[in-house]
Every structure is written in structure tokens, then in C-alpha cells.
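Take these sequences, add in the hints, and give me the full structure.
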Amino acid sequence: MEVLPIDLHRQQILDHIEKNRVTVIQGETGCGKSSRIPQMIYESELDHNRTVRMFVSQPRRIAARALTSRLRTTEYGQIYGLRMGHGERFETSETRVWFVTSGYLVQYLSHNSASFRDHTHLIIDEVHERSIDSDLLCMLARRLLVEQPHIRLVIMSATIQSKLYCKYFSVPKNRTLFVGARRFPVEIKFIEDMLKEGFPKNINTKLQTLSSICTRNADRRRLVVPSTVAKAQYDIAVYLVNRLGLSNTRRPESAVLIFVSGMSDILELTDQIERLNSPKSRIVYKVLPIHSELPLEVQNQVFSSVQPDEFKIVVATNAAESSLTLPDVDIVICLGTNKQVERMGVSDQTLLVNTWVPQSGAVQRAGRTGRTRPGVCYRLYPQSLYETFPEHEVPEVQRQPLDQLVLRLRSTLDQPILPLLQELIEPPAAEAIDAAFASLYRLGMIEEASDNGFLTSSGRFVSRLGLDVRSGRLLADSFVLGMMAEIIVVVASFQLQHSPYRMAAPLIHPPNEYNDLVCQSLASSFKHDGGVYSQPIEVLELYKGYVSAKNQMAWCLANSIASSRMRQLHCIVQHLASRVSLGLNIPSEELTVDTLEPLSHGSVTLIRLLLTWTFHDQIFKSVKTKGPMSSPDMVLIEKRGVLSDATLKSVFRSVSDVIKPELQHIETTTYIVSHISVKYPICKWNITELFQQVNMQALVVLDTDDSRRLTLFCQSKIWDSFTLAIEKQLPGAGNCTPRKGSQRGDIVCGEITIPSKKMFKEFRKHIKHSITDPSVVIVLHPAESADVVCIRSALSKHWQDFFLGSRSKWKHQGSVHMDHIVFNNVPCRDASLVQDCSGLGMKILTSICNGYRGTPVLKVINPSDPSKVDELKVKTCRTAWAMCPETSTNGANSSVLLPRHSLVEGLGILNVQAHPVYAVAAKVMFFSAKQDLASMENVTLLPQGAHWLKLALTCMGFDELDWLGENVDYKSMAEALSLRKRLRATLKALDSSDVDLPYHLFKLFSSLPPANELSKDFNRPEIIIEQPPTVHVPTSFYTEGVGPRGVEETNDLEITKVEVLTRLREMSKTKGGGDKSYQDGGNKLKYACIRCGVRSTWKKCLKHMASSKGCKMFVWETIGDIEKEFNDLQPKPYVATDCSELYGCLGGCGYEFPSWRLCLDHMRSIGACYQNLIELQFRENKQSGLWKIPLAQRIGETALRATKKGVYQCPHCGSRMSWEAIVDHLDHHPICNIAVDDNMPSRNDDDWLDSALVEDGLQERCRL
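Just so it is clear: in the sequence shown, position 324 is 324 by full-length UniProt numbering, and no numbers are missing.
All clues stand as given, with none of them false.
Result set (PhoX-like, lysine-lysine): computed pairs, CA atoms no more than 25 angstroms apart in a straight line: (1) K1069 x K1099; (2) K189 x K201; (3) K875 x K859; (4) K19 x K167; (5) K339 x K189; (6) K873 x K649; (7) K660 x K527; (8) K626 x K859; (9) K923 x K621; (10) K1003 x K981; (11) K859 x K286; (12) K1124 x K1069; (13) K1124 x K971; (14) K1103 x K1124; (15) K988 x K1003; (16) K173 x K19; (17) K1103 x K1069; (18) K527 x K550; (19) K624 x K930; (20) K206 x K339; (21) K196 x K206; (22) K809 x K797; (23) K649 x K875; (24) K196 x K231; (25) K873 x K624; (26) K761 x K624; (27) K930 x K339; (28) K231 x K339; (29) K811 x K797; (30) K971 x K1003.
Quick list of the computed label-pair ranges, beta carbon to beta carbon: (31) G198 x H48: 55 to 61 angstroms; (32) P598 x S564: 25 to 31 angstroms; (33) R982 x L413: 31 to 37 angstroms; (34) G482 x N825: 33 to 39 angstroms; (35) S1107 x S548: 48 to 54 angstroms; (36) D434 x R250: 52 to 58 angstroms; (37) K811 x D645: 31 to 37 angstroms; (38) N277 x T95: 43 to 49 angstroms; (39) D434 x K971: 41 to 47 angstroms; (40) E391 x H48: 37 to 43 angstroms.
Just so you know, the hints here were simulated from the structure itself, not pulled from any lab data.
Virtual Cβ for every residue (Gly too), placed ideally from N, Cα, C.
Encoded structure:
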């Protein structure tokens, strides 16, 4: 067995562990701490005939796996086992030493601390990595020492803060064992040292530039890395690699390890280093990456040896900093940067920042060499900057959200949180704790946003799951709606580090293999998604197929699925189901998804709702669709002749039977025409003859800049696809609908007015490169001139004169030859959710091209020279996305990066200006301190338009977002408001007894129009919707001199009866005091909004009530009450000639009743009369104070009247406002509404109105 430096300190270590309960060990990197100390303890206990059982924690999964694999090949290999989260285990009955991750051990200690009476030792390795789990593990270990007096604790690291940990664990005299010096020396070289190496002049210049940038950074004491640093570091690192590779003193087995900050650095450096390879080169540079996003089998390649003519270059993040031994590494190149996750303000969202490493991290990186022979570490930053680095890493607990930590501690230890957090080795800031309390309260986990808040039913349930708080909230809500089995799979998919599909990465796959993987994955994704455009639902369908497959391995192979990830998903699902079963006392059989039946439309709707409610502040929306005009299945290639039919088929060989790619060559000829002899040439054309003789399929005429009119003549067979391509280029211009009676034979004519001159000029500029069907494009100019573009067609002299007159002069400008790829149109399984203009073939091509850094390109192997790779620039249609500023708490308007190799990445959505598409992401990560870029994962698209989202947010009490859904009908909104009350009650109590609730939710959302009814959809037949009848309003409804033009404003309020509009006008006039003359104290503006009281003319007042965000909902409800009154009541139903008593309604309806009770019931139940009664009280109170009981009794006796006359105070939040505003505030503000519902008397009590009317003498006033 190889002797390591720590072996020299064996007896000293064992003696200290035997005599002390806590041992702090500091040994240099590579001395053998992680592998030797567990074995030393085992051998010592074995010599004393004592049983030994120990846990050894590692901060990273790759380190735990690597140590277990390596030690199982040694003499005592059978004693080593592995445990990690979600039930991942590798152990036997002989296992005595378990390597675990810190997260797993925290969960185990929290819930099974009593089982440690059977264990003897606990080793916490690499404690310098200050993750939340690491700090929490130390706190739980300190408590364990009190509970289990026999336990021996060992903590160790090469860069441990020894004094801090000795003080925390009360180690006598702060004694730390310093063991295991490095076996071989490592030379450290900063930029100052490299400048003396005699490098070429250009490299020295870059070193000096880099040094000056870093020096300025050091002077400002900034930890954030300037963006200008990376490029200079890349060039220097590539030069060093090339110099080392060509050096005559290089050992054949030698390797270089480059430490970078993230995946973008890995991709860039890999690309630059691989360019060093050439047929004439005597060595081959083999680049191997280490990153948590890469599959384990790819990362494990760094441990394998290479061929004699190969030079191994490992490019890694800080995942390779500690507990990872690469014995062949002689050179380390450290860029000195890493990515840190930080909390954004007081939210639970996070920001990824590129920062300088701490000094301890730099030491760890240098320690990756010098293991088997002397090594060198090049630090690409000056020593002056290194001296400004913090000595140790800032603990995660001081820079990340604490929601999950607070909930976990509250549940497991059942103690006040603040004292517990103060037990951590370095406690978090008070603001971070307050933010965690506020977030947990907002998510319904605790009853009060402070340390005094007890766990709610949902909080207790979520805390037992071991998930992040939002995922737990999603599971709790799904229980109420009966979707628990499906959501368990969805939440399990959130725990996967990678997509279930086989990973395709240009970094590790050659072009042909990469293209095949993307094609197969996207085709499989298209089949399982079925037009739903939801990654969580897609994984749910994948899981159902996997579980129901007879041969699961063959099923994975056929669907391009990584079987290891599906096994992991299945394990997580079973693990979660068992926890949910215990937490809710539900039989586990009820938590199994039905694998035989496809997911119903109702289930898809409910899953979308649950995701929207849970992640409502992570919504983003479509901004615009960019790309060339073409049909949905045609793509433009910039260079002609580079792509051949054989090459094209090789790119799509795995899916060629489905998408059937074809290569088309297109010639475009341009003419400049002057002396046009007719002003409007279109009027004189015989279109049918023109199309037959010229053999073209479309004619596009663009008028001058002033009119911005586009006229289109097109064959009916291509009308749909051709107009689809045009509308894609003209967002906001509307649909190009055929003119009535314009069809001549099979030629259809349509017209569009382009909204702006800027858009008109852009469209005119690019149209000749965009149309692919045989066409002629005429662009008219003011001075009797025009541009004519012939696409795949030619015009003889006869037809030139026919077009623009015999006087016209045609000058040939030039011809352009281009290639296009045409794909077969593959229909979705279900109706499409959005108006998508990109087919499956275009989505695959977009995904392939976007896998490369920088400009999207298609890489193919050259058929004549297999060693050569051709790059083709491809123009595809894509929709750009941005965070929704109205819903997001951070990063408003920041650009959005969609998941790579997903269907949503290649979407090209039409009409995004008029009808934007909203989407919700389960995971969001912001980049840079400016928060101008965000990455989205687990994306779900919502139905196109704002209506669906508006109703979804209303159901959960977020309807104050009035920017959404201006035209949602009031009946749907009223239904959403009623469902909100039922939802609140059931979600708060975690009660699933309201079995009709899911049905009513589905019924509400299925009534909304699909995407094809927002505007034209060419994939489905047009559906004609029956419109409500037009209201003919007499001129007298408007102010003098205004005719019935104003009726269009009433359509926004959906008024279909003149008598309803009459009543609304009377109420507005009463509100505005219009019955009074100006001399009697009235106002010239006689009408006012019935809610806010803003005065205006009747026409403007009606428009205000139809469009104002704050008033529209109130007016809608009033209109509903008026309509109900007209529908339900018959004129004077109770009048009888022999009545002894007769009462009349004071609400202004004119109805009479034979008894006081009937009159009272009428005024209480009819909304319009009740509203008028409220107005009467306010008016009379202002004049004489006639009413004795204030209307505040409507919400209970505890509603307080403020000091200012006519102002009322909310009984919950204390806000002061008018009575109308109070009523509206309590109806729409979720927290106050719940508080009033829970604590106030019923608003439907019969006694208050009765007593008010009797006491105020209104019974006598009603008596007729």
C-alpha cells in the first residue's frame, strides 16, 4: 500500500481521538486525510476488538462517489458504503464506513439522532466549504455530542478556520492537529512571475493589461470580477496549454487542470484549445470537463488515462477543488474566479454572481497538483489582488435565502428559531431571518411572520418532505384539488439535475453524434408533449410511459432517454410518495399515477393552475418573434452550395422519415423601374391571366411610405401558409383576411395596413430574402418609380409592360441564389396551445444551432473530407422572452434564456403584440448584479392571451394586477371571485373535502376561447362565435350634440339591454348630483363614476367606467345586479286593491309591496336597489345626519369610523377611505378579506338592516 504523508502522524491522530471527543485536523491538500483517517480509525478499533460504525460527510456528490469507488478497491474495500439523498444507497451487511453528502447527514441527524447510539464516530470533511448544510451539520453534531456521550467527532480540512471551529466545539486550548505536509513542492506563479518567463510580446501585453485591470479591482476592494478579465485570461490559458503541450520536457502522462467559474468558461476554453489540433500537430489536445450539469459518466472520464500522443486538459469548476485526486495533474492554471449564489433582496429568488475565490479556495486549487511529483500552479491574477481576497469563503447562510432552513428547524426541533440560528457557527443577519419569516407566511407555512408564528397544516406537511418550500406548497395545494399523484412526479422532476433525455453537448460529442442526439430528443419530446408545451407535464408523460413499459431499457433507448435518470426519477417518486403517505395518512396505492389512461385536458388545466399559483412571481412573457419570413416548415441558409442533399440527410438521418427534409435552390432577381405610366397599376391587372402566364403563386404590392398599405394576391392553396409568414413579420398589424367578393378563380386578394413607418421600412428591406414561393414583389415609390423582385419566376418584356405600363424602364439590378431547407409538416397530437408558426423540423434545427456558443450555426462533417467540419449560418424564426414586470419581484423586464434543447426554445409565436403568451418557470436564476438576464428551467406555457392568467391569479387573490385581461367578461370574473373564497378555505386547512372544486375550476377555464379564436389559425378550421346583439341606444342617452357613436364604449361593459344602460345612467347622474342645477350647488359635469365619483359628461363617464382598472370590476358587478333584477322580478307582483298596507322601494325601481317584510327583502336582495339605498344614506347624512346607524355595520360592529367625516377604517389593516372604497378593498384585498371573514359577524345577518331601517324611521318613509 502506498505511503502517504498523513501516515507519519497515525499514532498522534489515533491517540487524540481516543482521549478527546472532538478532534480538529488540518493537513495540506493531497496528504491523504479523506482516504486514510477512516481506515486508521477502523483498524484501531478492530485491534481493540471494538465495533466501529461511522459516517464520513463530503460536501459534494462527485467527491463522495469517487472516494467510495477508490477505497472499495483497497484491502478493506468491503467496509465502505455510500448513501445520498432520495434513497440512493450502495452498501452491504459488512459496511462499517458510510460516505455521505452533508445534506443527507443533516436530514438523517434531524430525524434519526437516536440511532447514533449504535455509531461510534462522525467525520465531517472539507468544512472549509461553508454551505448551509455544512454549518447546520456542525450545529447538529454539537448537539449530538451532548445526547450521545460515546460519539467521537473529527472535523478536517486543508484550509480550516481552526480557531473558529475549536472555539465552537470547546476544544481545550484550541488545539489543532497539523498533519500531513505536502509530499512534493508546488511552485506558485502570479502574473508578476509570468512576466519574467520570457513569453512572446503579445502575451506579455495581455499579461500587463490583465494586471492593470485586476489592480484597479484590488484598489476598490471589489470581489465581483470585471467582465473584461475573462477574455484576457482565456488567451493566456490557451497559450500556456499550447506551450506546455509542445515542451520537450513534458512527461507523456502529464495533464493540466484549469479552474474556471462556470459552464460558459468551459465551453469557450474547450473551443479555443481544440482549435490547436491540426493534422500537422504531433500531439492531440484532449479536453475533459468537470461540471455538475454534465452526466456522471462524462465527468468520470477525467480519471481515465490517455494515449501517448494525447495531452489531457481538464477544465473544471470548483467541483474539483477538494477531495478529488487526479494523480497525473502536474500543472494547475487558476483563473481565480467562481460562481456564487446570493439572495436577491428580501425575496427567495437567487442571483448568480462571478466573484474572486477566497484565499482558502486558491490554496485548495493549487493543492490539486504535487501529489505524485513536483507541480506548478499558474495564477492568472497579480499577487496584490490575491492579498485582498477574503481569507475564507463567506458562509452560505449569510448570503442565501433561509426559508427552507427556518422551516426545517421549526419542524424538527420544535423550538423558537432565533435562538437556534444563533447556535450556528456564524449566524445569519437579522434581515435575512425576517425575510424568511415573511416568505414562509406569504406561502402559508406559518401563522405569523415572526418567530411566534406556529406552523400551519401546510407547514407541518411540507416540513416533513425534505423539499424546498415552493415545491412543498405545490404538493400541499395538489392534495386539495385531487392531483397529488401527478404532482408528486412533477415535483420529483424538479429534483433532477438534468433533463431525462440523453444529453447532447457539442463539448463532448462530435457534430454527427450531437446532431443525432438533438434530433432524437426533440422528436421524442414532441411526441410526449403533444402541444401542451410544459416540461413538467412532459416528464410526467415520460414517467407514465417508463413505468408501463415491459422492457424499460428498450423503451429508454427508443425514446432517447437516459435510463439512469429515469431510474433516479422513479426512486425519487417512490421516496416522495412514501413521505406523503406518512404525512397525510393516505394509502400509498392512491398516490400512484394511472399509467394506462392518457392525461386528460382537465388534469392538464389543474396542473397549469397549480404551477401558476405556486410560482406566480416567476412568470415571463413573449416580447416579439424574430426571424425570416417563411412557411412554418422552411428555413433559410445564408450561403448557397455549401449544403448538399447528402449532407442534409446525414444531419437529420435519425428523424428523416418523420420531418422529410428537402433542399430547395431559390433564385431572386431584382429590378429598378422608373417612368411608371399608371398611378395605381393594380386596378388594371387581369390577375387570373397574370398568374397563369407568369407561373407564379403570389403577388405582393407595397404602397408608398405614406399609405403603408400591403396588397396581396395569392393562390388559394397557399393562402394560409403565405399569409402566416407575412403576419409573423408584422406583429400588431392584424390578420390578412380575404376581401369579400375579391376571389377571382383560385386567386384570393387581401390587404393589411402596416402600423408604423419603421416596421414598413424593415418589412420592405427584408421581404425579398424572406418569401420562398414563386412570387413577384412590387415596392412602389412616390416619383413614378418602383422596385420589382421576382422570386423563382421571370418576367418577359410583355409582362413588364403589362405590370407597370409601356413607358416604364426596367433596369436589372442583380440576382441572388439562396438555399432553403423544407420540412414535412408534423401535426401535434392535441390542438396547439399557442399560434406557433415553427414546425418540428424548424424546432430541431433551431435547437441544434443554439447548442453552440455565439452565433447559431449548423456544423456538419464534410462528405469529401471527414476530418473537416463545415459551419453553416442558419436563420430560423424564434420568439424572444422577458420577465413579466407586473408580477416579478426581481429582474423586471430582464431577458430570458429558455432551457436548451427544449420545444419552447424553438417556438415562433404569432400576434405576440396583441395577444402575448405568458409562461411560468419553476426555477429562475438571475445573472449579474444588474438583473438583466435570467435563466428558466421547468417551463410551462399558459394559453395565449392574458385572459387565462388573469382568471388564474384572481382565483388566488392576485386580482389587483389590473394590467391583465382588460376584456375578461364579468361573469367569469365573478365566478373566479367565488371560487377564490372556496380555495382559500380549503388550502388553508389542507382540506380535500370540497370534491366539486376541481370540476368548477376546470369548467371556468375551459370556457375561455382557444388560441385560434384570438386571431386566425391555419392549422385548425375557423370557429365562428356568435356575437351578442348590437345595442341601439337613442341619442338622448348622451350629452347634447353627441350621437349614438358612443355605443361602442358600452360594448366593453357587455350591456345588451337598453333598460340596463338607462338604470346605469340614472345611478351615474344621481352620484354626480346631475339633478341639481349649477346655481343650486350642482356641477356642470352632471355625471360621475358610480364607484370613484370622478365627474364628467355621460359619454366620458361611461368610457371611464368601461376602461378604468379600479372601477371596471365594481361596475360589472352592479350591471350584473341590475340584469338580475330585470330578469327575476315581474312588474308590481304583489299589488292588490284590497291591501290594508302598501310599501314602496326606496331604491328607485318603483315597485310596490303589500307588506313591510316583502319590501325589506326586496331592498336587501336586489343589488341596484341596495346600491341606491347606500347612496341615499350618504347623501342624507351629509345634509342632515338623518341616519343613526352607520353602514360600517355591513362588515361588523368592529369596523371603525375615522375622525374625518365620511371616512371609514378597515378593521384589519387600518386603512382609511370612503365607504365604497372600503367595500371594494375588503372584496379584493386577500389578507383583509380573510381576516374579516374569520373574525367579523356575518354580513348577511338579518337584524342590522331591519333595525337600521326601523330605528331610522324608514319603514314609515316606505309606507304608501
